[in-house]
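**Student:** Join the two chains into one complex using the hints; note that each chain is given alone, in its own frame.
Here are the chains, one letter per residue:
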Amino acid sequence: MSLMALMHGDPGRLPFVGHFRAVRTQGKARLTTAGRVRVLGDVQLAFRIARTIETTILSCVVPEDADRHGLLSAVWDAVQRIEACDLGPDEGENLVILFAIQDEDGTGIAGMGLGGVWAWKDDAMIPLVQGEHPLLGGPGRPEALPGVLTLDEYAEVIVGIAHDHPSETPQPSTWRKRCGVHP
Amino acid sequence: MSAIADLDPRRDLGLIRERIEQQLKQGHDPSDTLRDLACRNPIALADLVIGPRAPQDPRWIQAALDSIEVLEEALPPNGLYRKLVALCPDLQTHVLEIAARRHPAAGWLIELSRNIEGQQAGCTHLVASAGHPSFTQNCWAHAAAGHLPGLITIATQTGLPEPAAAIVAHGHLEAGAIAIVRTIECAPDAPVVAMVAAAWGPDLTPVLRKTLPHLRSRNTAIALAQQSSGYGDFSSLMNTLIGAMVQP
Chain A
1 MSLMALMHGD PGRLPFVGHF RAVRTQGKAR LTTAGRVRVL GDVQLAFRIA RTIETTILSC
61 VVPEDADRHG LLSAVWDAVQ RIEACDLGPD EGENLVILFA IQDEDGTGIA GMGLGGVWAW
121 KDDAMIPLVQ GEHPLLGGPG RPEALPGVLT LDEYAEVIVG IAHDHPSETP QPSTWRKRCG
181 VHP
Chain B
1001 MSAIADLDPR RDLGLIRERI EQQLKQGHDP SDTLRDLACR NPIALADLVI GPRAPQDPRW
1061 IQAALDSIEV LEEALPPNGL YRKLVALCPD LQTHVLEIAA RRHPAAGWLI ELSRNIEGQQ
1121 AGCTHLVASA GHPSFTQNCW AHAAAGHLPG LITIATQTGL PEPAAAIVAH GHLEAGAIAI
1181 VRTIECAPDA PVVAMVAAAW GPDLTPVLRK TLPHLRSRNT AIALAQQSSG YGDFSSLMNT
1241 LIGAMVQP
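For the protein sequence lines, the chains are A and B, in the order given. Going by our numbering, the residue at position 23 of the first sequence is 23; the numbering climbs one at a time, nothing skipped. Going by our numbering, the residue at position 165 of the second sequence is 1165; the numbering climbs one at a time, nothing skipped.
Derived lysine to any residue pairs resembling SDA-like cross-links, with alpha carbons at most 20 Å apart:
#, chain 1, residue 1, chain 2, residue 2
1, A, Lys177, B, Leu1173
2, A, Lys177, B, Thr1205
3, A, Lys177, B, Asp1203
By construction, these hints were calculated from the structure, which means they are not laboratory data.
The shape of chain B in the complex, shown without the other chains (with noise of 0.2 Å):
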């Protein structure tokens, strides 16, 4: 129930911050109030939950993101993002969560993500827009941004091809070899090698050599030499290689 629901949200919201971090106190849930709020005046919600005297309480912040879409009637996305996430950095997972899903194509994703994810930068992101549009566009930012372990992820989780060739095209070899032979892993049949000569250049000899240290199964490798295939000198190694490999 409303703890508001006799206030002007113009003329009251002293009076609508002292109810809510009453409720807060007692332990009360707040989302009733906070629906109440978002439907009447989503300027003043905005103000009680990232304003300067905002209420600084988990489950006010959590309350809010079932109104996301109201706040951001109220606030562009990228600093309101920010905004919850530096207020509550408890729920910052959660918050990209929503942000990725609801802004898959958004730039500011890149630098809010490594603030969140750091070393693994870019998953929660590239999960979330995986089948959308956005995704080669996000793998290549993530790239740019060096977001080298975030990508090799997604292409272990995934088995697109997308971050393989992202990393690839942005200079970084070993660990675009490491990623082809995770994508491998995960979806033989992806097709991570044209995806990677699409992005580097025709004689993509040299990227492919470097997939050899982290070849772990011959179930993998010969899904490689199969991709592979149209690169005679890399065709005969891995055949010799396969040759000598005796795990599954």
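With the rest of the complex left out, here is chain A (with noise of 0.2 Å):
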């Protein structure tokens, strides 16, 4: 299996309300993201920002030479620039986003707007980043990306929850569906 990201699912009848998600591969680097805009009482207008979004990751413009780290700044590029008005009534000021990026050197996540990131290896759910770390911050769409956590060992999948839900904890025996992932 593919490297992947994936973000939680809100508490709720209703838990993918505003969730997106892309995979973009350029030559040997792949970048693969999952987010949430919220826009609270109107499911068809988050639906369609999160569309709009994973039509930008998927159609922006890539050098064709980039490492992971090139196609991470390209498509967060292009998240910086889809125009706030598209992004619903917050201008996406409270964008959730998690990025978990590969080439041939190494594998890494960034992101923002996290309360938690996990790795699922070997069948168990380790937390990747905890307390005060950088990854784990508020949402929105800053100019630069707070940084890029290198993983030492590579994880099939990594699990990412909005900081408005910290205290949720993906279960080994139910992550799959809570983050709409279904076989």
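**Tutor:** Put into structure tokens, the structure is as follows:
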């Protein structure tokens, strides 16, 4: 299985309002992303914004020789360039996004608005970052991402949880469904 | 006119029962008697409607339904409506309609619906709660109970997106796909694709592909394509399909 970034669903009957997910490859670099925009009370608008972000990630221009960092930089620039008015009433200030990037030289993660990040490895959920880690912070679209955390070991799946539900923990038996992944 | 005006419900219950049975036997309307009893002693009324020696006559049950609020004062609704259905199967649909209208959020309506409506379980309950805040919760509860034909019927009749979302959220993709199409047929602008994605997950393509065999008109296909335009691959597929459709 290739590296995959997923966002844990929110509590409630509609856990994936405004959720998006996309995979982008360039040469041997792979970027996989998942995230959420929050538009309270408007499922349709949240859906439209989520698809806009996916389309932007899938269609943005990436240098042919980009490594994983170049790919991430190009994609984040594209997300940054989305018109604020196309991102709902909060103009992207509530954007939660998780990136997992990979090439021959390694794997890394980055993101905004995350309350926790886990890796699924050897049939267990392992917390990757905790406490005051720079990867965990508020949502939005800063000019540059706070940084990339390089992973020492390969993991197939990286699961992020939004900053407003940090007490949720992905469970080995349910994380697929809770992330909107279905067999 | 009440046939029991001279009797005391606390003391003369046996006599009251006899007079009611006599009224029914003679073909007289028992409504006045029932209303009189309802005003004076709801507990006695409840005993005479669903107690072990209650008159087993549909006209009596029908009259009792007109005083349902008084009966609910005397008995918990769950047991009351079950008993009314058991006593008079001919009136069970009417009983369910009243129960759903008066208690749209009640969980016991799920099982009662199944017992009464069978394959179409959920229809009466969901129609009654369509404008109520409990509608979404009720769709989920009926989907969890497997009442898929009923949910599809509601999607077809109302064009509301919640039934399709509930079906898909519970893993029934084929039935969910049918519900999506029927919703759009009824209300092309209903945000059914967005709501199903909100319930199931951001990559809805596997569900959307299952809608294709159920599309019966070009207009529905166009509406579905518009709603799912954010999914590039599926959108391309839909454009090809729409180009090949001649039916309006």
